[in-house]
Amino acid sequence: LNEIFEKIGVNTKDKYEVSKNYIRAQEEINKSNNLQFWKTHSSFCKMYDKFNFSDLKNSIGVIYIVRDPRNIVTSFANHNSKTINETTELLNNDLAIGNEKDEAEVYLGSWSFNYNSWKVYKSSNKYFLVKYEDLIDNPKKIFIEILKFIEELKNSDLKIDEQKLVKTIETTDFYKLKKMEEMYGFEESKINENTGKKVNFFNLGPKNNWRGLLKDEFREKIETKCKDEMEELGYL
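Okay, so the sequence shown: first residue is 461 according to our numbering, each after it adds one.
Quick caveat, the hints were computed from the structure, so don't treat them as lab data. Note that beta-carbon positions come from the ideal geometry of N, C-alpha and C, so glycine has one too. Treat each hint with caution, since some may be false.
FRET-style restraints, in silico, Cβ to Cβ [as the list claims (entries may be wrong)]: (1) THR500 to LYS582: 14 to 22 Å; (2) LEU618 to ILE483: 27 to 35 Å; (3) GLU612 to GLU466: 28 to 36 Å.
Computed cross-link-like contacts, SDA-like style, restricted to lysine to any residue with a CA-CA straight-line distance of at most 25 Å [as the list claims (entries may be wrong)]: (4) LYS685 to LYS601; (5) LYS657 to LEU550; (6) LYS542 to GLY672; (7) LYS675 to ASN540; (8) LYS636 to LYS675; (9) LYS601 to TYR587; (10) LYS667 to GLU546; (11) LYS510 to THR472; (12) LYS667 to LYS582; (13) LYS657 to ASP676; (14) LYS624 to TYR575; (15) LYS658 to ASP676; (16) LYS650 to ASN663; (17) LYS687 to LYS601; (18) LYS687 to ILE520; (19) LYS636 to ASN540; (20) LYS582 to LYS658; (21) LYS506 to LYS601; (22) LYS475 to SER583.
Whole structure, please, built from the sequences with the hints as guidance.
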């Protein structure tokens, strides 16, 4: 997003000004009048209690990918080179702030807050929920459902090319992406500030199972804070 902010005259080093102009930046993006996909870790919220991160006018819809928070905490800790304790506290923090890859500040909120915040799109039938676990278990089925959701949003007829569908799933296999990162690197990988070494973005993937990685004290903290949402999603 940095180049978009710069285009509209926003100082990207000023976090307040960036937050103030998220909607303006999206309006600029939408001038192209083409369907675009933007990934964000932000909640659907007001930055500094004043400025909307997005709105129903500038976003045609949302595909929200959710994952068991007990598995997120181990993955996120590795990604940020933080302890499980630090990452558990962040995951449970309703006021958590984070950064997108271009360093634009976003309001993450807690895992529960973030998940609930995007449900605002449900009332207008512009919300599609994907459970990470379902995507791993049956990628073809979920991919087709996503394509059909996009078809409904665009109010257009979509012809699914079976060959391209299968090829897309094959080329985005976790282990293939992990191998590609080892060979060519990956732009979202980070450097461990303590060791100076690169932390692989593609770490454990489907093998990341909290049952063998997460101590009971951290599991209990997450399950207590996220109880309602985890029960709603079938994680408890």
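Checked hints:
Under the hint 14 to 22 Å, the C-beta atoms of THR500 and LYS582, about 18 Å apart, fit the expected range. The hinted window of 27 to 35 Å between LEU618 and ILE483 holds, with their beta carbons roughly 29 Å apart. At about 35 Å, the beta-carbon gap between GLU612 and GLU466 stays in the expected band of 28 to 36 Å. At roughly 32 Å between alpha-carbon atoms, LYS685 and LYS601 are farther apart than 25 Å, so this suggested pair is violated.
In summary, the hint linking LYS657 to LEU550 is supported, as the alpha carbons are separated by about 23 Å, within the 25 Å threshold. A threshold of 25 Å between alpha carbons decides the hint, and for LYS542 with GLY672 the separation of about 19 Å falls inside it, so the pair holds. A distance of roughly 19 Å separates the Cα atoms of LYS675 and ASN540; the hinted pair therefore holds under the 25 Å criterion. A C-alpha spacing of about 30 Å is found between LYS636 and LYS675, which places the hinted pair above 25 Å, so the restraint is violated.
Restraint check: the Cα-Cα separation between LYS601 and TYR587 comes to about 18 Å, which is no more than 25 Å; the hinted pair holds. Restraint check for LYS667 and GLU546: satisfied, since their Cα atoms lie roughly 22 Å apart, inside the 25 Å limit. For the hint pairing LYS510 with THR472, the CA-to-CA distance comes to about 18 Å; that is within 25 Å, so the pair holds. Straight-line distance between C-alpha atoms of LYS667 and LYS582 comes to about 32 Å, which puts the hinted pair past the 25 Å bound.
Restraint check for LYS657 and ASP676: the C-alpha separation of about 30 Å exceeds 25 Å, so the hint is violated. Taken as a hint, the LYS624 and TYR575 pair is broken in the structure, with Cα atoms around 31 Å apart against an allowance of 25 Å. Between LYS658 and ASP676, the direct Cα distance comes to roughly 29 Å. Violation of the 25 Å bound is thereby established for this hinted pair. Taken as a hint, the LYS650 and ASN663 pair is honoured in the structure, with Cα atoms around 12 Å apart against an allowance of 25 Å.
Distance restraint check for LYS687 and LYS601: the Cα-Cα separation of roughly 28 Å exceeds the 25 Å cut-off, and the hinted pair is therefore not satisfied. Only pairs whose Cα atoms come within 25 Å are accepted, and LYS687 paired with ILE520 is rejected, the gap being roughly 30 Å. At roughly 23 Å between alpha-carbon atoms, LYS636 and ASN540 fall within 25 Å of each other, so this suggested pair holds. Of the pairs offered as hints, the one joining LYS582 and LYS658 is violated, with about 39 Å between alpha carbons and a cut-off of 25 Å exceeded.
Distance hint between LYS506 and LYS601 is unfulfilled; the C-alpha atoms sit about 35 Å from each other, more than 25 Å. Proximity of LYS475 to SER583 is assessed by CA-CA distance (about 31 Å); at most 25 Å being required, the pair is judged violated.
Checked against the numbered hints listed earlier, the structure breaks hints 4, 8, 12, 13, 14, 15, 17, 18, 20, 21, 22; every other hint is satisfied.
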